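Chains A and B, in that order, give the protein sequences.
Sequential numbering of the first sequence, starting at 1, is according to our numbering.
Sequential numbering of the second sequence, starting at 116, is according to our numbering.
Just so you know, these hints were derived from the structure itself, not from any lab.
Treat the hints with care, since some could be wrong.
[To be verified] Here are some chain B residues pointing at chain A (derived, C-beta under 10 Å): (1) Ile119; (2) Asn120; (3) Glu121; (4) Met122; (5) Leu124; (6) Gln125; (7) Glu127; (8) Ala139; (9) Thr166; (10) Thr216; (11) Ser222; (12) Lys235.
[To be verified] Chain B side only, calculated, beta carbon under 8 Å to chain A, not exhaustive: (13) Ser130; (14) Lys158; (15) Thr159; (16) Ser231.
In this text, all values refer to a predicted model and were calculated from it rather than measured experimentally.
Backbone N, C-alpha and C fix where the C-beta goes; we use that ideal spot for every residue, glycine too.
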Amino acid sequence: MHTRIETDGQVMTVYLDGELDHHNAPAAREKIDEFAVGFHPAHTILDFGGVTFMDSSGIGLVMGRYKLLVQFSCTLEIRNLSAHAYKVMRLAGLDRIAALSRADKKEAEKHETHQ
Amino acid sequence: MRPINEMRLQIESRSVNEAYARVAVAAFAAALDPTLEEVNDIKTAVSEAVTNCIVHAYPNEVGKIYIQVRLFERGRMEIRIRDRGCGIADVKKAREPLFTTRGGDRSGLGFSVMESFCDKVRVRSAVGKGTTVTLVKLLHGREASLEP
Ligand SMILES: Nc1ncnc2c1ncn2[C@@H]1O[C@H](COP(=O)(O)OP(=O)(O)OP(=O)(O)O)[C@@H](O)[C@H]1O
Ligand SMILES: [Mg+2]
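Generate coordinates for the entire structure from the input sequences, incorporating the hints supplied.
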């Protein structure tokens, strides 16, 4: 799993790539937290466009980042979710703490054929 | 009912094996021609059960995880994931959404995910002996999804 962070003004965008499970989540978590604590973003976007697998470790990752980010009144947005990741997040009620949006259909199909 | 095919897999409870376990089970199920969504459901449920063995059953040691997959007629799949770890004192409570005995980034939703992505989830456990989770998934397959 690979994690890349970009900033634009007070917005932090995190691009996640690979399989988000219990084995890979800690490295992503550490990278995001370390950066967020130094940067104090006003808004954070987690871009799931490159995530090819996700289980409840993804729920834990989002909930944990939310708990940290609210401490500096940062809002959270999650973008480019696959149909599957969206289903997992809705099941956990993450739509109550973050704005969730799915990958557009063309992108999603492209993604599937690349697997 | 007799299975039409069966496989067994034994892995060590190392987190690096989580990906291998879910991919191996999904690959075995390919014979039933599942849809992409069904493949994701299987991978996710297996990942939850295997992760629980690693995180909860064997918290301070590397133990063995035994996986058995059986395929039956008409797309029925049974996946059994067993450990010889610490066991669960109150299974009913453990299955409740948000219940977790671990802090950090565990959400307590593993069993809820298994239940929503499978048709049936059975849990048998004995403290000090181990836990067996059986996931039943009915695969309707690509053929069914093509029907009008
Ligand atoms: N194989 C197991 N051996 C021992 N205890 C288990 C096992 N599987 C689950 N448990 C117990 O059941 C609880 C609930 O499991 P569940 O998977 O629902 O949540 P979690 O693992 O705590 O969090 P999450 O899966 O969301 O990261 C666990 O916290 C643990 O106490
Ligand atoms: Mg779990």
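Status of each hint after checking the structure:
Nearest Cβ of chain A to the Cβ of isoleucine 119 of chain B: about 27 Å, over the 10 Å cut. The hint is violated. A least Cβ separation of about 24 Å between asparagine 120 of chain B and chain A goes past the 10 Å threshold, and the interface hint is therefore violated. The beta carbon of glutamate 121 of chain B comes no nearer than 25 Å to any beta carbon in chain A, farther than 10 Å, and the hint placing it at the interface is violated. Checking methionine 122 of chain B against chain A by beta carbon gives a least distance of about 21 Å; that is not within 10 Å, so the hint is violated.
A hinted interface residue such as leucine 124 of chain B counts as satisfied when its beta carbon comes closer than 10 Å to some beta carbon of chain A; here the least separation is about 17 Å, so the hint is violated. The beta carbon of glutamine 125 of chain B comes no nearer than 19 Å to any beta carbon in chain A, farther than 10 Å, and the hint placing it at the interface is violated. A least Cβ separation of about 13 Å between glutamate 127 of chain B and chain A goes past the 10 Å threshold, and the interface hint is therefore violated. Hint status for alanine 139 of chain B: violated, given a least beta-carbon distance of 14 Å to chain A, over 10 Å.
Look at threonine 166 of chain B: its Cβ gets to within about 4 Å of chain A, closer than 10 Å, so that hint holds up. Nearest Cβ of chain A to the Cβ of threonine 216 of chain B: about 14 Å, over the 10 Å cut. The hint is violated. The criterion of a C-beta within 10 Å of any C-beta in chain A is met by serine 222 of chain B, whose closest approach is roughly 5 Å, and the hint holds. At a threshold of 10 Å, the smallest CB-CB gap from lysine 235 of chain B to chain A is about 17 Å, leaving the interface hint violated.
For serine 130 of chain B, the interface hint holds, the least distance from its beta-carbon to any beta-carbon of chain A being 4 Å, beneath 8 Å. Using the Cβ-Cβ criterion of 8 Å, the hint placing lysine 158 of chain B at the interface with chain A is satisfied: the shortest such distance is roughly 6 Å. Interface restraint check: threonine 159 of chain B against chain A, minimum CB-CB distance 5 Å, threshold 8 Å, status holds. For serine 231 of chain B, the interface hint holds, the least distance from its beta-carbon to any beta-carbon of chain A being 6 Å, beneath 8 Å.
In summary, the numbered hints that this structure violates are 1, 2, 3, 4, 5, 6, 7, 8, 10 and 12.
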